[in-house]
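Taken in order, these protein sequences are the chains called A and B.
Going letter by letter, the first sequence gives residues 6 to 150 in the numbering used here.
Going letter by letter, the second sequence gives residues 1206 to 1359 in the numbering used here.
It is possible that part of the hints are untrue.
DMTMM-like cross-link-like pairs, simulated, lysine to aspartate or glutamate; straight-line CA separation at most 20 Å [to be verified]:
1) Lys56(A) x Asp92(A)
2) Lys1351(B) x Asp1272(B)
3) Lys108(A) x Glu1209(B)
4) Lys108(A) x Glu1250(B)
5) Lys73(A) x Glu61(A)
6) Lys1267(B) x Glu1250(B)
7) Lys51(A) x Asp15(A)
8) Lys70(A) x Glu80(A)
9) Lys134(A) x Glu25(A)
10) Lys1280(B) x Glu112(A)
11) Lys140(A) x Glu61(A)
12) Lys108(A) x Glu1208(B)
Interface residues of chain B toward chain A, partial, derived using beta-carbon atoms under 10 Å [what the hints assert, rightly or not]:
13) Phe1214
14) Asp1272
15) Thr1276
16) Leu1285
17) Ser1308
18) Gly1309
19) Tyr1312
Bear in mind the hints are in silico, worked out from the structure with no lab data behind them.
Being a predicted model, the structure only gives us computed values, none of them experimental.
Beta carbons: idealized from backbone N, C-alpha and C, even for Gly.
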Amino acid sequence: MTIYNLYIFDKLGTLLYYGEWNRLKQSGITKDEEAKLMYGMLFSIKSFVSKISPVEPREGFLYYKTNKYALHYLEVPSGLKFVLNTDNTSTGIREFLQNIYTKIWVEYVVRNPLWTIGTPVSSDIFKAKLDEYVKQSPLYGAKLL
Amino acid sequence: MAEEAIFEFLHSEIVNYTLSKENSKENDLSTLEYIGFTTGFRIIERLTREWPRFKDELDTMKFICTDFWSTIYRKQIDNLRTNHQGVYVLQDNAFRFLTRLSSGSQYLEHAPKFVAFTCGLVRGGLANLGITSTVTAEVQTMPSCKFHIQVNRT
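All chains, please: the whole structure from these sequences, using the hints.
Structure follows, in structure tokens:
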């Protein structure tokens, strides 16, 4: 079990935060480009999933898996999107992402009067609390080599 | 959580509003302090209605540190010090308006904006209890904050 990295997007597609823990391979493009690419893909998957669904989709897109990693997606009603890459054996990521949203995002970003709505997060305390939460989680695991 | 958050959000908007008004000098915290003063003055009426009269000044300060503080900030003052000559220092180690800001020195330059209202609140509360004072605040590392109360004797 291990956690690779986390993207947080707002409903307009702005990358609000990017956190990285055990990422072993870099994409070779800038973070900005990577974020755009990521958001574009998520946007497409979302519309693809809802169009192609043979039954009424409830929550829509939840995650995808490859043979090496899994990408988990949580979209909250306000349109905020949490994207977490883990190895493909991890479980319980949905609750984990929910907790990041309610316990860390809402507490240390939304309730921080110095954060301007719709801008990337620069607060040290948010970063520290997120790091602490991720590292305490059993999902974090040992660093894979 | 809900009502606390509303108070917090309203407070931070009041801070933004009073400091961004046109024609107002930059870093002029007096409006904010005055809003706090009137709020404190009024709120004390409600908080002390079940209380007997206070014995002395120290007794009043203790009330501010315990009941007053916990009604407004859901916690008590962590430390009260005095030189017994009209100077009191109230220390809050996790001051509500600063806890989400930082846990060190980041944003330290913004700290005065978020303590001015509370200085007024304390001053207003004391004024209505018959103590004229000057209240200032000092922030060294967030989220801890010290309020200095200087009682003006006539």
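Tell me the numbers of any earlier hints that the structure contravenes, in ascending order.
Structure breaks hints 1, 4, 5, 11, 14, 15 and 16.
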